[in-house]
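Protein chains: 4
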Amino acid sequence: MMNLKVPVIIVNYKTYSEATGKKAVKLSKTAEAVSLESGVNICVAPQAADIASVCDAVSIPVFAQHVDPIVPGSSTGHILLESVKEAGATGTLINHAEKQLKLRDIEAIVARTREAGMVSVVCTSNAAVSEAAAALKPDIISLEPPELIGTGIPVSKSKPDAVTEMVTLVKHVNPCVVTLCGAGITKGEDVAAALKLGTMGVLVASGIVKAKDPRKVLMEFSEAITEAL
Amino acid sequence: MMNLKVPVIIVNYKTYSEATGKKAVKLSKTAEAVSLESGVNICVAPQAADIASVCDAVSIPVFAQHVDPIVPGSSTGHILLESVKEAGATGTLINHAEKQLKLRDIEAIVARTREAGMVSVVCTSNAAVSEAAAALKPDIISLEPPELIGTGIPVSKSKPDAVTEMVTLVKHVNPCVVTLCGAGITKGEDVAAALKLGTMGVLVASGIVKAKDPRKVLMEFSEAITEAL
Amino acid sequence: MMNLKVPVIIVNYKTYSEATGKKAVKLSKTAEAVSLESGVNICVAPQAADIASVCDAVSIPVFAQHVDPIVPGSSTGHILLESVKEAGATGTLINHAEKQLKLRDIEAIVARTREAGMVSVVCTSNAAVSEAAAALKPDIISLEPPELIGTGIPVSKSKPDAVTEMVTLVKHVNPCVVTLCGAGITKGEDVAAALKLGTMGVLVASGIVKAKDPRKVLMEFSEAITEAL
Amino acid sequence: MMNLKVPVIIVNYKTYSEATGKKAVKLSKTAEAVSLESGVNICVAPQAADIASVCDAVSIPVFAQHVDPIVPGSSTGHILLESVKEAGATGTLINHAEKQLKLRDIEAIVARTREAGMVSVVCTSNAAVSEAAAALKPDIISLEPPELIGTGIPVSKSKPDAVTEMVTLVKHVNPCVVTLCGAGITKGEDVAAALKLGTMGVLVASGIVKAKDPRKVLMEFSEAITEAL
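Residue numbers (numbering that gives the first Met the number 0), protein chains in the order written: chain A, 0 to 228; chain B, 0 to 228; chain C, 0 to 228; chain D, 0 to 228.
Note that these hints are calculated values from the structure, not bench results. Hints are not guaranteed to be accurate.
Label pairs and their in silico Cβ distance ranges [unchecked claim]: (1) B:Gly149 with C:Thr150: 44 to 54 angstroms; (2) A:Ala210 with C:Pro159: 52 to 62 angstroms; (3) C:Asp160 with D:Met1: 52 to 62 angstroms; (4) D:Ala210 with B:Ser16: 11 to 21 angstroms; (5) D:Thr167 with A:Ser16: 51 to 61 angstroms; (6) C:Asp160 with B:Arg214: 17 to 27 angstroms; (7) B:Glu222 with D:Gly149: 30 to 40 angstroms; (8) B:Lys211 with A:Ser16: 41 to 51 angstroms; (9) A:Leu35 with D:Gly149: 45 to 55 angstroms; (10) C:Pro159 with D:Thr150: 33 to 43 angstroms.
We put the CB at the ideal spot given by N, CA and C, even for glycine.
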């Protein structure tokens, strides 16, 4: 059983300047403060080189953005699950739209993540791909229609049928999988809409990282979750 | 002009268990101790997630094993030059045999590394590829014939002509480029042979990381360099 | 509904010298002769550059080995579904162990193949990956454990449980999908074993292409199928 | 020594509908007719699946758009040099902007192409990459700034300095290499400008394939070459 409290907000830092290095640590402290204040589980996903410093600075769950389908050995330049785990990561994103993976590698990484006692979050682009991913038994599947990423057009309001279909298909294959959605989420009402469609939270990036006041937006998201419960 | 003292020993930690997490820090302290004692420049190249902790622990130059050909922005799961620089890295390996890159991406990464004031080390597989790489004006080119990597058969003794040809071709295209060689280097005499062939040092991995006593081998390498000068 | 007679033997020519150019045409004529004589459906999968000449020479179904996830336009060097269709192909292999694809691209190619009225054969490496692939609704799924490919150790005799599990999981997700298995198939009894495990045929390569007498082996395979019916 | 008459016009068919299947054959016949009439060497580069039918229909040189860095064997779905050679190809494009390759693979493919007695055309994105490519000793290097591809803004008129620099750097490394340029070429005067900058012809795609009257444009290009000689 997955060791991660839901509903959940996962903040993907991507490779944004606003969330690299010291700024990654600062934003993570903000996320932690909002999480403590609101009681809502907020997780952050910084770049590989920032995981250790973020984990040193905060107690909220930290995710890697990607790990490679490798075992320890001769894989110069690749990201080893064990390296992000030892740096303090709780889990990892897998197959993000910006780092898509081969089907077989997704299967291998999900299996390795499970063996390591870590949380796997497989990102998917549509309902059919989500159903396929569910067969691989990850902890979490997050639907992110690529055409909406970074647009500010919320998936939960512009594509509600796609989200509902994803939730239904995933649950049919594997009722244990937690579903999230993402892309274009910038307001509390987008988060509320996501929960109404049957998901257990959101995967968000620019909506927080590039917000003028990330603390305020995270608080708005958290309140939307608290009210929905 | 490159800001890195030569001759140099660069130790690539790959994704070896023996050099991940706390073990990466410990091995880096050993490398630093030998460097201080011998006066020879020893650099280490840990995994992305270990760069920050290694840089916190030691003062010797630290290299990334790879950076992606990206600028800050939406590149989830990729390795941003700025992230490893802020974590403390002095430079980066580029195009290692285990993480080969497109020609155009090598050019882009070398250029970004230069702009960032960092040291670029392009790895190559033979003399023709080295000559091509030299046209891209990296700081260092390291020849590593892939068939010798991890074998313990030293490039500097089993393929001296390939090393000499590489040094000659690289110097012809660009006399400013420092040349190294690697693969199969396990003894001081392999390092001495590398210098005799005209290189300014070695790129080594298992020869140090998997040695019973890495300190002893690093000291042997350093003495070979001191004697050769 | 898929327009392909089962049980079926699909012969993958890979990039073998023995099945390139004129030899691809010759082997296809042999396959056609055995198919006509035995009444068993035998299909061939030559290289892209050989599809047109093979289709000109024989009337049995011809498959591409791969198509890229692209639409007509600016994709120099990629393989367009329309190009292999116009050359005469009936369908295509997708995600072969030697040409693995991203999950999202498999979904896109299966959908394009369906729209084009062509037959999709998704290759998979284990039962979990097969179950995932079934959600994408291809016509055929062929299990080929990569560790057995080219070994002569038949999947149907050495890994019967893996084949049975694959058939069960695929049928559970989508009962319309035809299942095949492959890897190490060299004898009639390997084919008979595959059918007994619930598959509708085999995907074979070196077992036919590199056989001293491909006609004889194809006949043996066909008889095993006829007897099993 | 390269067995290809220069100046030369190479028409890349990409994966355009207008140049797939029967339309590829028709356009190739047009190119042949113009070549015969004008005396200018015009070559065509159709998709892999169209090479055989194009080579059956015309006598002008035919190029593959890409071949993979493989030898005959187990490489399902890849494009084998021998397969396009036997289908009738005279040479191959390598590293087109839409099918970029690893540095080491470019080196391997150029070497294989040379051994097979075929013509290698390495595409490059800027002058530094062209200089690097020249060290690999291909027959032809064609500069195509990616930002101009398909725009109708001719490289030879909008970036004359980049073309001149490319020609100079390539000649310096290897005076035997023939240089071409491409991107945005749609008029005879663009071709004339390319020759004036020191190249020996053009690599063109949409300018011909998507022209209302490809015959007329090809004739205009050919006349520009004849006048320049």
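> Honestly, do A:Ala210 and C:Pro159 meet the 52 to 62 angstroms range at C-beta?
Replying inline: Roughly 56 angstroms apart at Cβ, these two residues keep to the hinted range, so it holds.
>> Tell me if the beta carbons of B:Lys211 and A:Ser16 are separated by a distance inside 41 to 51 angstroms.
In response: The hint (41 to 51 angstroms, Cβ to Cβ) holds, given that B:Lys211 and A:Ser16 are roughly 44 angstroms apart.
> When you take the CB atoms of C:Asp160 and D:Met1, is the distance between them in 52 to 62 angstroms?
Replying inline: Distance hint for C:Asp160, D:Met1 holds at roughly 57 angstroms.
>> The hint says 30 to 40 angstroms between B:Glu222 and D:Gly149; measuring C-beta to C-beta, is that right?
In response: 59 angstroms, violated
>> Just to be sure I understand the hint, the distance between the Cβ atoms of D:Ala210 and B:Ser16 should be within 11 to 21 angstroms; is that true here?
In response: 60 angstroms, violated
>> Range first: 51 to 61 angstroms. Now tell me if the beta carbons of D:Thr167 and A:Ser16 are that far apart.
In response: Given about 37 angstroms between the Cβ atoms, the range is violated.
> Does the Cβ distance between C:Asp160 and B:Arg214 fall inside 17 to 27 angstroms?
Replying inline: With Cβ atoms ~50 angstroms apart, the hint is violated.
> Falls inside 33 to 43 angstroms, the C-beta gap from C:Pro159 to D:Thr150?
Replying inline: With Cβ atoms ~58 angstroms apart, the hint is violated.
>> For the hint 45 to 55 angstroms, verify it against the beta carbon of A:Leu35 and that of D:Gly149.
In response: About 53 angstroms separates the Cβ atoms of A:Leu35 and D:Gly149, which means 45 to 55 angstroms holds.
> Range hint 44 to 54 angstroms: satisfied by the CB atoms of B:Gly149 and C:Thr150?
Replying inline: 25 angstroms, violated
Hint compliance for this structure: hints 1, 4, 5, 6, 7, 10 are broken, all remaining hints hold.
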